[in-house]
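Put together the whole structure using the sequences plus the hints.
Protein chains: 2
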Amino acid sequence: MRTAICERLGIEFPLFAFSHCRDVVAAVTNAGGFGVLGAIAYSPDQLDAELTWIDERVGGRPYGVDVLVPGKVDASALDQRAHLMDFIPGRHRDFVTHLLSKYGVGAAAQPMTAVADEFGRRVTAAGATGLIDVALKHRIGLIASALGPPPPEMVARARKAGVPVAALVGTVEHACRQVAAGADLIVAQGTEAGGHTGEISTMVLVPQVVDAVAPVPVLAAGGIASGRQMAAAMALGADGVWCGSVWLTTEEAETPPAVKRKFLAASSLDTVRSRSRTGKPARQLRSAWTDEWDSSQESPGPLGMPLQLLVAEGAMARIAAAAEKGEPGAVDLVNYYVGQVVGQLDQVKPARHVVYDLVSEFGEAVERLKRLSG
Amino acid sequence: MRTAICERLGIEFPLFAFSHCRDVVAAVTNAGGFGVLGAIAYSPDQLDAELTWIDERVGGRPYGVDVLVPGKVDASALDQRAHLMDFIPGRHRDFVTHLLSKYGVGAAAQPMTAVADEFGRRVTAAGATGLIDVALKHRIGLIASALGPPPPEMVARARKAGVPVAALVGTVEHACRQVAAGADLIVAQGTEAGGHTGEISTMVLVPQVVDAVAPVPVLAAGGIASGRQMAAAMALGADGVWCGSVWLTTEEAETPPAVKRKFLAASSLDTVRSRSRTGKPARQLRSAWTDEWDSSQESPGPLGMPLQLLVAEGAMARIAAAAEKGEPGAVDLVNYYVGQVVGQLDQVKPARHVVYDLVSEFGEAVERLKRLSG
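From first to last, the protein sequence lines are chains A and B.
Oh and the first sequence: position 25 is 25 in full-length UniProt numbering, straight run, nothing missing.
Oh and the second sequence: position 256 is 256 in full-length UniProt numbering, straight run, nothing missing.
Derived from the structure by calculation, the hints contain no laboratory data.
What you were told as hints is all true, and nothing was included just to trick you.
One copy or two, it doesn't matter: identical chains are merged, so the pair holds either way.
Calculated pairs, SDA-like style, for lysine to any residue (alpha carbon to alpha carbon, straight line, at most 25 Å):
#  : residue 1 : residue 2
1  : K370      : A4
2  : K370      : L9
3  : K370      : S360
4  : K370      : T3
5  : K102      : D294
6  : K370      : D357
7  : K370      : E12
8  : K260      : A212
9  : K349      : G32
10 : K349      : P256
11 : K370      : V359
12 : K260      : E173
13 : K102      : A320
14 : K325      : T97
15 : K370      : Y356
16 : K370      : R2
17 : K160      : C176
18 : K370      : C6
19 : K260      : D211
20 : K349      : A212
21 : K370      : V216
22 : K349      : A320
23 : K137      : P62
24 : K260      : R286
Bear in mind that the values here come from a model prediction, so they are computed numbers and not experimental data.
This is the structure:
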């Protein structure tokens, strides 16, 4: 399996693995795919340490880094003189307190103001640039930008370093805007994907994006966790696939055990696109958290990004810890971003086995198509 | 391209065309695919006339009939002694009057009580059975049941006549239930499809259904309007594809001209899953009709099926007529069922050209996959 993107990045198989877990990134890269580390969880210093860890394990094989640069953020996040926590309205704080009490989790520790500022501002263009500077000091093969078009400084710095820039999109219009802004590779992500996602399905979106941005290569994302799905994505015209959810139930994944158990038991009906974790629509496991924010009468409705992210992360850290102790209310509330493929994930495997199984089933799917078409 | 379903039904290419238009059914069947006539719009006598018309044109080539049998209907529809129109609350009638006045369409003619009863009851098991009896007098090769599991009488009559039964599903659970009820062929329909549809995308749904019901053959539906999308569906494990939206902009289609123009101009973001036309979630072009029912403050919310169908059809016939005269309010309101592929539909072609283009692009997509996989 050789596509243009395999040649360009020097990989055996055009399978991109998005993960917040360095172990998954290294395992997929070492298995012949291309690991991409989600950098949002890290400060610049932490990211530096993670990338050094990966560098030491992949023997020069290529991997990438993904930052989150939303096109629009809550204006308060741009005011460097103010503290982000000060912009969270009282009724949102009260609702979180009410939820934690109702589900028996106890009062949430408010995140410390300085930590919140640093974390919240990481999802702004300025914040992302700090992470990119760190990333470019390592031997990375790709920088990806989720949500907004890559900021001009990001493209310029990546170009200078000879590193291609990828951008995630959910519409044809955004794909064209990303290419105009300098993206070298487009990830067309369908609504079935986990995390921030649009409304158009992978089946419909990918061919339209491929035609609109040609000859820029396109990876398909959303709904891809098996070799048949990868073959389908390539039949749609994609040059490769970008998978996220499938790694969350691997042995290496950082997924909290209580969430992993919920993922393994879930069906494809158990996800929801909700603004309750970040302020923007993000597909995640449906739980009491999403139900309460999206449908309960007391809900003040989610804030914008990054304020809702601060509200949710502060509470969710506490909830996840309580869920690990088996507290039933916390188990009801706990969730995480995941796509509709969660219904296919029913066993825990090492990440490299996921790669091998995907490659092998991909071959079978292509053989079947050859046979059928005579 | 020969799959098991091609052998069983005696067709050249496993492309199923769902249409309410006999011209499309005959054209696709004559081009080597398999036309399926949606029977819901017809009384038993009308259906008889339509099928006779098709029989005279397809020279014995196979085609099918689709009836709508919801698993659950509003109980009032089952009471044969009452008039259905009597169950429509005053505030729903008032809201329709308000909408038509607001958009300058004038008062809607209320459908005649007897017509409404006949139409509304066609979507019950008893109503569907009447249509099936007519269909089985013709040389049909397939009976399809949308929404609910096929009623036992339907399966028994079709079996006796040697006609396979197909069933549309949106979840794995429903697929298993349909097979248990006697379905010979499953149509796994993703959320991106037009008309009544679930929440799971085609990319995610199809492989799960294929695995769950094997060796029963599965057709993929939703998001398929080109050869690349057909190749993708087959890569997912489908035995063929079931397309609906792509015929709506053909020369033969019965689509009202004002709606056809809106379809040709629409993007894939312009559809919505709404209960405002039938009482069940159905994907359709977003218009002032769906916006008003789903989001306006005055909206009483849609009724169940079939009552909302009566409310909507009565008004929509009037709206479509006014839209044809170019009345701007009516053009804002008018819509029709269509899938997210509407964004790909930008020219009017004869239905047989759609078939030829699909077959030809399918071949190219398989060739590309062969080349890439070496």
